[in-house]
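Novice: Spelled out, the chains give:
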Amino acid sequence: MTNPYIALLISFVLCALVAAIMMSASWILGPKRASKAKLEIFETGNPPLGSIRGIRFPVKFYLVAILFVVFDVEVVFMYPWAVVFRRLGWMGLAEMGAFVAVLGVGLAYVWRVGALEWE
Amino acid sequence: MELLIAFVKALVALLIILQVTVLLLWIERKGSALIQDRVGANRANIFGGLLPFNLGIVNTLMADPLKLFHKEDIVPKDADRFLHWLAPFAAVLPLFVTFAVVPFGDVLVIGDTVINLQAAELEVGLLFILGMVSLGVYGVIIGGWASNSRYAFLGGVRGSAQMISYEIGLGLALVSVVLTYGTLDLQAIARAQGELMWGVIPAWGVFYQPLALVLFFIAGMAESKRAPFDLPEAESELVAGFYTEYSGSKQSMFMMSDFIEIAIVAALVTTLFFGGWQVPYLYRDGFHLPGGLFLAVPSLLVTLLQVLAFLVKLFIFCWLQILVRWTFPRMRYDHLMMLGWKRLLPLGLANVAVSAVLVLALEGWTVA
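Quick note, the sequences are listed as chains F and D, same order. Heads up: the first sequence begins at 1 in the working numbering, then just goes up one per residue. Heads up: the second sequence begins at 1 in the working numbering, then just goes up one per residue.
Hints were generated in silico from the structure; no laboratory data involved. Wrong hints could be hidden among the right ones.
Claimed, not checked - What follows is a list of derived Cβ distance ranges for each label pair:
| hint | chain 1 | residue 1 | chain 2 | residue 2 | range |
| --- | --- | --- | --- | --- | --- |
| 1 | D | 62 | F | 114 | 51 to 59 angstroms |
| 2 | F | 65 | D | 236 | 22 to 30 angstroms |
| 3 | D | 82 | F | 37 | 19 to 27 angstroms |
| 4 | F | 31 | D | 299 | 47 to 55 angstroms |
| 5 | D | 3 | F | 65 | 53 to 61 angstroms |
| 6 | F | 34 | D | 62 | 24 to 32 angstroms |
| 7 | F | 62 | D | 299 | 50 to 58 angstroms |
Predicted model only: the values in this text are computed from it and were never measured. Idealized CB from N, CA, C, for every residue including glycine.
Let's have the full structure, built from the sequences with the hints guiding it.
Specialist: Following this line, the structure appears as structure tokens:
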């Protein structure tokens, strides 16, 4: 195969097809006897409290997402560096070290101010 | 012809993952029964009492999926219908595709054609797998949001925070592996592990990167959201977490994505740290034992042995994860976040730094 992405495309189409068939299986095979109680949201038997649109949840989760963006981009930068690492030698290591050190200070800061604590 | 081969390979990769998933369901049910001193699945019996015990194969391989597919597909009336449909699809499709780049054998030689036993010979296979596994978070968050239920929403939020936290640890553990091999091509990594250290020990990744193995295994298990990291679907507090409002085959898609993630973690552990399809001392023409002994093996048999070795290793690491799941209690959420951010992240960074210095110091450096 000259272009591996063609093989990947074939794989994608095949997998999407199989997944779609398996997902619609119970829509085709299963019974369809909807009732009012069945279509209600399950809140352990209590009457549902209504929609969750606009519900509040701890801001901590948002903070985790922000931290994730910072550190995951760091990791992503490390991949191409790791591949050509042997050719870059000590100089490349020093440059990556400087980059990681900056983020390391960031990590130390968020650690210190308690952004990683959950209570 | 090439297209046909590509299609067959894609089909084989998909079949492997489907079979592994179904077999894992069986291993999980019977294995947990073994651990908890129960009988486990024991109703339908294919051998009709020929065996002194019931293996429960019919239950888990045939009856369970059939039962799930015959259940009613319920969409709650307040749910977002399109997103409710999209979530299980988004959860399972990227995971299906990941197996396309995992090499399950070296090469298959038929006449003059040499077939590489890897569905898509991607040079950036490892990056592709990481990307696809990251996409799995969409299934969780969309499923939690679309159901319009409080339990599902909490599960989705928890799940996404957990998955993105552990993705960093996962990525860092793999960076040091890439450093060692200098490539992202999984087949090349597997081939590199065919050599021997001091003529005796196979040069498997585990001997080069033991810490990376531990970090990767922990982060990978957290990524697959199973006990002890199953907070997104903690049944004692959130009913079933992000898939509370799912039923029938849609719910089984979420279950399946869990099992596929186990299989992917096991496949990556096998490929990166335990030689992939390599059988120690086995080369294309036969066994070269350390004492200078040589045992010729036909090429086809070599390929067969290698595929078999890959599957055996795969199941060993799947079983290890199931063992962990049924042995350890669920973690507290603050402990979970602490492990991800305060342990795995610094340890991963330290591991990358130490490996980089060691590689340069031991191999010397060349000017580009």
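Novice: Indicate, hint by hint, whether the structure satisfies it.
Specialist: Checked hints:
1. At about 53 angstroms, the CB distance of residue 62 of chain D to residue 114 of chain F agrees with the hint of 51 to 59 angstroms.
2. As the Cβ distance of residue 65 of chain F to residue 236 of chain D is approximately 26 angstroms, the hint placing it in 22 to 30 angstroms holds.
3. Take residue 82 of chain D and residue 37 of chain F: their Cβ atoms lie about 24 angstroms apart, and the range 19 to 27 angstroms holds.
4. A beta carbon spacing of about 53 angstroms between residue 31 of chain F and residue 299 of chain D agrees with the range 47 to 55 angstroms that was offered as a hint.
5. The hint said 53 to 61 angstroms for the Cβ distance between residue 3 of chain D and residue 65 of chain F, and at roughly 42 angstroms that hint is violated.
6. Between residue 34 of chain F and residue 62 of chain D the Cβ separation comes to about 28 angstroms, which falls inside the hinted range of 24 to 32 angstroms.
7. The supplied range of 50 to 58 angstroms is met by residue 62 of chain F and residue 299 of chain D, whose beta-carbon atoms lie about 57 angstroms from each other.
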